[in-house]
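Once you've looked at the hints, dock chain B against the given chain A.
Heads up: the protein sequence lines correspond to chains A and B, in order.
Under my numbering, the first residue of the first sequence carries the number 1, and numbering increases by one thereafter.
Under my numbering, the first residue of the second sequence carries the number 1001, and numbering increases by one thereafter.
Don't take each hint at face value.
Computed cross-link-like contacts, BS3-like style, restricted to lysine-lysine with a CA-CA straight-line distance of at most 25 angstroms [said to hold, decoys possible]:
(1) A:Lys83 - B:Lys1081
(2) B:Lys1081 - A:Lys92
(3) B:Lys1076 - A:Lys83
Note that these hints are calculated values from the structure, not bench results.
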Amino acid sequence: MLELDKLTIHKAHELLSKKEITSEELTKALLKRIEEMDGKIKAYVTLNSEEALERSSEIDKKGDFTEDLSGIPVAVKDNICTKDLRTTCASKMLENFVPPYDATVIKKLKEKNALILGKTNLDEFDMGSSTESSYFFTSKNPWNLERVPGGSSSAAAVAADLAIYSLDSDTGGAVRQSAAYCGVVGLKPTYGRVSRFGLAGNAGSMDTIGPITKDVKDCAIVLNAISGMDLFDPSSSDTIVPDYLESLKTNLQNVKIGIPKEFLGDAVNKDIKNAILNAAKTFEDMGFICEETSLPNVEYALWVHYVIASAEASSEMCQYDGVRFGHRAQHYENLKDLYKKSRGEGFGLEVKKRTILGTYLLDLEGNDKYLVKAYKLRTLIKQDFEKAFEKYDFLITPTTPTVAFKIGEAKDSLNVNDMCTVPVNLAGLPAISIPCGFAEGLPIGLQIIGKAFDEAGILQVAYAFERNTDYHKKLIAWKEA
Amino acid sequence: MDKGTLYRVADIAHVHLESREIEQISKDMDFLLEYFDKLSQVDTESVLPTVCPINDKNVLRDDEVWDSLPIDEVLKNAPDKHGRFFRVPRIIEE
Chain A
1 MLELDKLTIH
11 KAHELLSKKE
21 ITSEELTKAL
31 LKRIEEMDGK
41 IKAYVTLNSE
51 EALERSSEID
61 KKGDFTEDLS
71 GIPVAVKDNI
81 CTKDLRTTCA
91 SKMLENFVPP
101 YDATVIKKLK
111 EKNALILGKT
121 NLDEFDMGSS
131 TESSYFFTSK
141 NPWNLERVPG
151 GSSSAAAVAA
161 DLAIYSLDSD
171 TGGAVRQSAA
181 YCGVVGLKPT
191 YGRVSRFGLA
201 GNAGSMDTIG
211 PITKDVKDCA
221 IVLNAISGMD
231 LFDPSSSDTI
241 VPDYLESLKT
251 NLQNVKIGIP
261 KEFLGDAVNK
271 DIKNAILNAA
281 KTFEDMGFIC
291 EETSLPNVEY
301 ALWVHYVIAS
311 AEASSEMCQY
321 DGVRFGHRAQ
331 HYENLKDLYK
341 KSRGEGFGLE
351 VKKRTILGTY
361 LLDLEGNDKY
371 LVKAYKLRTL
381 IKQDFEKAFE
391 KYDFLITPTT
401 PTVAFKIGEA
411 KDSLNVNDMC
421 TVPVNLAGLP
431 AISIPCGFAE
441 GLPIGLQIIG
451 KAFDEAGILQ
461 VAYAFERNTD
471 YHKKLIAWKE
481 A
Chain B
1001 MDKGTLYRVA
1011 DIAHVHLESR
1021 EIEQISKDMD
1031 FLLEYFDKLS
1041 QVDTESVLPT
1051 VCPINDKNVL
1061 RDDEVWDSLP
1071 IDEVLKNAPD
1081 KHGRFFRVPR
1091 IIEE
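Bound-form chain B, shown alone:
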């Protein structure tokens, strides 16, 4: 995978990479994708994909209100919070 593509995909995935990681991952990707290319040689023209192996049916349940976790518990692991809220950097510019 060329570095331009790697940068683009890492940006979509929202993962910051250090330059030494870019070298390593780019090398590994080449190996993996080359490997994966062997898959394309197999004829699967008339085959349907299997995403879920078992129990491939839609599951429905009644729309009932259940108890949810207390807010304190939910916020317990938050790296930054304010009152009853998770705090994040400003999203909308002034």
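Excised from the complex, chain A in its bound form:
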């Protein structure tokens, strides 16, 4: 029997176009799956069942499935604003916030007749790598319920067939890291490729929005739908958007891949290192050239990222003041006290810590000593990438140095698990994570990094790898926690 919840976008689109299935059937199948499984995974903070069903039957009635995403349900990370659908950022501060507008990416998806199925969990205001700082609950990894799903539950939702695909955000690696931990595909676009208007900001110079999907083709389809210049986001770029799906047909030749040695050192698990070297072998078998290279300054990336992210986050957090929207304390003495108490009650510990640290870094004392230094080191890291890309078309690394860690195991804020993903945000480059093996019964992610605005290139390389391997087809053996 055809299991509708397991479909990819392109397969669902094919069946919808041929009228072999309806959008309502697809939506119902997913809602049933969510009802059965989400008690275990806890991927969704809010479900949009009624509206999704209503919209699906409207779309069925119109019967127009020319758009690739038409009638297909999507899960959206809960820091992306959805009109009339609660958007919490997994914070008590926004527990009851219902946005009066759609983020640009949501507007674009709705124009393609996509259905918003629900909103997925994250660390509070996206500050973390495990969803453990969510105000609501910790989400689980479907491959092993004792493990974290990554910094967002969108990938868990896709991996567990609780959504056909999802939209996620990536400031230090959430899209790629959670895709790697859950054995699915996640793409972080170049800074400026996709509008962030309507994304609750975390770190303005690094935030991006990207798709999480079951395969590379789906990733290209979603990127086609959400890319492009947006007047509401001054950081969005007017660089031409190619047809990413069409570009998958390109036959790759003379590809040169660099493997930065800094991401295969002692901090990286042996099985993961082997999986990456095996991936390089797969590429060589396809006729690509793979060579070791070096990015000497990435060793500073974790610190640099934490400094910049905290400073930028602290100014983002200023908008939560208990006046226009969000939590307001009940008891306060004056306006300043209202701000202080509302934030004191509305923010969790990690958000408070970063807000205060960020304020310190923007203050005179911390600024010269740390923040300016971090922005200078960012230049060096960016230059390392530029230099590598003079010689190589792509770089490959593990997405994470270990497989998904156990819930409760992350020791401090500077999580070494982000070591391979944060340099890419610092340099603003595009990168994709695709499944490339297994260790301890959990998926391993291969990160492919490209030149700025070469999403087409990384999708092509990822697609070539996917066609020559079957890691993405391996099914989850459900294991009870």
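For chain B alone, kept in the frame of chain A given last:
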């Protein structure tokens, strides 16, 4: 970070902290700042800072009036409102 500095910065950030949070944050800050101190050992004398990674240019657009959200919609999430306004505690003393 000593508690005096932490109090001062939390006050600038307008964040109220409970005493148990002060203990925890102060401890974490020490760890982080000690960590950050390693950054200062790297020579960046002649390096320019990078604030924006890509597309580092000023974006201009015509000064046109666009539709904005209806007032009802804007006030929908306000914790306290009065007519067409957000309501806040008195700011100017009598």
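Each hint tested on the structure:
1. As the CA atoms of A:Lys83 and B:Lys1081 are separated by approximately 21 angstroms, the hinted pair is consistent with the 25 angstroms bound.
2. Restraint check: the Cα-Cα separation between B:Lys1081 and A:Lys92 comes to about 21 angstroms, which is no more than 25 angstroms; the hinted pair holds.
3. For the hint linking B:Lys1076 to A:Lys83, the alpha-carbon distance of about 12 angstroms falls within 25 angstroms, and the restraint holds.
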